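Trainee: What follows is each chain in one-letter form.
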Amino acid sequence: DGGITQSPKYLFRKEGQNVTLSCEQNLNHDAMYWYRQDPGQGLRLIYYSQIVNDFQKGDIAEGYSVSREKKESFPLTVTSAQKNPTAFYLCASSIGSRRTMNTEAFFGQGTRLTVV
Amino acid sequence: DAKTTQPPSMDCAEGRAANLPCNHSTISGNEYVYWYRQIHSQGPQYIIHGLKNNETNEMASLIITEDRKSSTLILPHATLRDTAVYYCIVRSNFGNEKLTFGTGTRLTIIP
Numbered sequence: 001d002g003g004i005t006q007s008p009k010y011l012f013r014k015e016g017q018n019v020t021l022s023c024e025q026n027l028n029h030d031a032m033y034w035y036r037q038d039p040g041q042g043l044r045l046i047y048y049s050q051i052v053n054d055f056q057k058g059d060i061a062e063g064y065s066v067s068r069e070k071k072e073s074f075p076l077t078v079t080s081a082q083k084n085p086t087a088f089y090l091c092a093s094s095i096g097s098r099r100t101m102n103t104e105a106f107f108g109q110g111t112r113l114t115v116v
Numbered sequence: 117d118a119k120t121t122q123p124p125s126m127d128c129a130e131g132r133a134a135n136l137p138c139n140h141s142t143i144s145g146n147e148y149v150y151w152y153r154q155i156h157s158q159g160p161q162y163i164i165h166g167l168k169n170n171e172t173n174e175m176a177s178l179i180i181t182e183d184r185k186s187s188t189l190i191l192p193h194a195t196l197r198d199t200a201v202y203y204c205i206v207r208s209n210f211g212n213e214k215l216t217f218g219t220g221t222r223l224t225i226i227p
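Protein chains in written order, with this note's numbering: chain A, 1 to 116; chain B, 117 to 227.
Derived by calculation from the structure, the hints in this document are not laboratory data.
It should be emphasised that the depicted structure is a prediction, and the values quoted were computed from it without experimental measurement.
Glycine is no exception: its CB is placed at the ideal position from the N, C-alpha and C atoms.
Incorrect hints may have been included.
Reference listing, derived: stretches of chain A covered by chain B, where coverage requires no fewer than 3 residues with Cβ under 8 Å from a Cβ of chain B [to be verified]: (1) 30-42; (2) 48-59; (3) 83-94; (4) 103-110.
Some chain A residues judged to face chain B by a derived CB distance under 10 Å, without partners named [what the hints assert, rightly or not]: (5) Ile4; (6) Gln6; (7) Leu45.
In the DSS-like style, the derived pairs of lysine-lysine whose C-alpha atoms are separated by at most 25 Å in a straight line are [what the hints assert, rightly or not]: (8) A:Lys70 / B:Lys214; (9) B:Lys185 / B:Lys168; (10) B:Lys119 / B:Lys214; (11) A:Lys9 / A:Lys70; (12) A:Lys83 / A:Lys14; (13) B:Lys119 / B:Lys185; (14) B:Lys185 / B:Lys214; (15) B:Lys214 / A:Lys57; (16) B:Lys168 / B:Lys119; (17) A:Lys71 / B:Lys214; (18) A:Lys57 / B:Lys119; (19) A:Lys57 / A:Lys83.
Just chain A, with the same shape it has in the complex (with noise of 0.2 Å):
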């Protein structure tokens, strides 16, 4: 089946340590995107890759990394910077730099971070 899958749904880290949260898709997407979502929240963007080897921030990156070395692949590091890291982490991908008519995003089921 095509799709976008996160990994793992829940996740425990103590405070300090990085955590890398995964995210892979088999839809031949170009661009992909992270998001973060508090309680009660819209969605707000972290970082987006728009071609493999290529990211860019979103209005929320600090704190975030993330890298693009395969077209299926976008991990996202969330580093001990980031000063209030529990949150609801959803990935997306989209079909990617051409014009077309459909450019419906494909979102993950997200993974759930919490920091104790």
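We have chain A; now place chain B onto it with these hints.
Mentor: Okay, now just chain B, sitting in the frame of chain A:
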């Protein structure tokens, strides 16, 4: 800097049509209107999108005003499973552009 404005919350009776408005007064000519919804603790799900003509699919209808400055998502016969947060976004037809969500409308279907 979301480009859309939506009411924070709405209620609708089960079985009735739910009409969710969205203002996008600064939309440009090559931008589409997309709607997504997010059921609690899940990833958002695509519903429908359109450029200037009204659109309908198995989930919903999208009505876009002639000046394209606003639109309405219509769920024709709302069920309890339609309770969710609904997001309206505008996006060009370059599929890899920055994708920004606003705060959406929390729709509650009342039994």
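Trainee: Against each hint, give a clear statement of whether it holds in the structure.
Mentor: Against the structure, the hints come out as follows:
no.: 1; hint: 30-42; result: holds (count 6)
no.: 2; hint: 48-59; result: holds (count 6)
no.: 3; hint: 83-94; result: holds (count 4)
no.: 4; hint: 103-110; result: holds (count 8)
no.: 5; hint: Ile4; result: holds (8 Å)
no.: 6; hint: Gln6; result: holds (8 Å)
no.: 7; hint: Leu45; result: holds (6 Å)
no.: 8; hint: A:Lys70 / B:Lys214; result: holds (19 Å)
no.: 9; hint: B:Lys185 / B:Lys168; result: holds (10 Å)
no.: 10; hint: B:Lys119 / B:Lys214; result: holds (12 Å)
no.: 11; hint: A:Lys9 / A:Lys70; result: holds (22 Å)
no.: 12; hint: A:Lys83 / A:Lys14; result: holds (13 Å)
no.: 13; hint: B:Lys119 / B:Lys185; result: holds (11 Å)
no.: 14; hint: B:Lys185 / B:Lys214; result: holds (21 Å)
no.: 15; hint: B:Lys214 / A:Lys57; result: holds (10 Å)
no.: 16; hint: B:Lys168 / B:Lys119; result: holds (17 Å)
no.: 17; hint: A:Lys71 / B:Lys214; result: holds (17 Å)
no.: 18; hint: A:Lys57 / B:Lys119; result: holds (19 Å)
no.: 19; hint: A:Lys57 / A:Lys83; result: holds (18 Å)
Of the hints listed earlier, there is not a single one the structure fails to meet.
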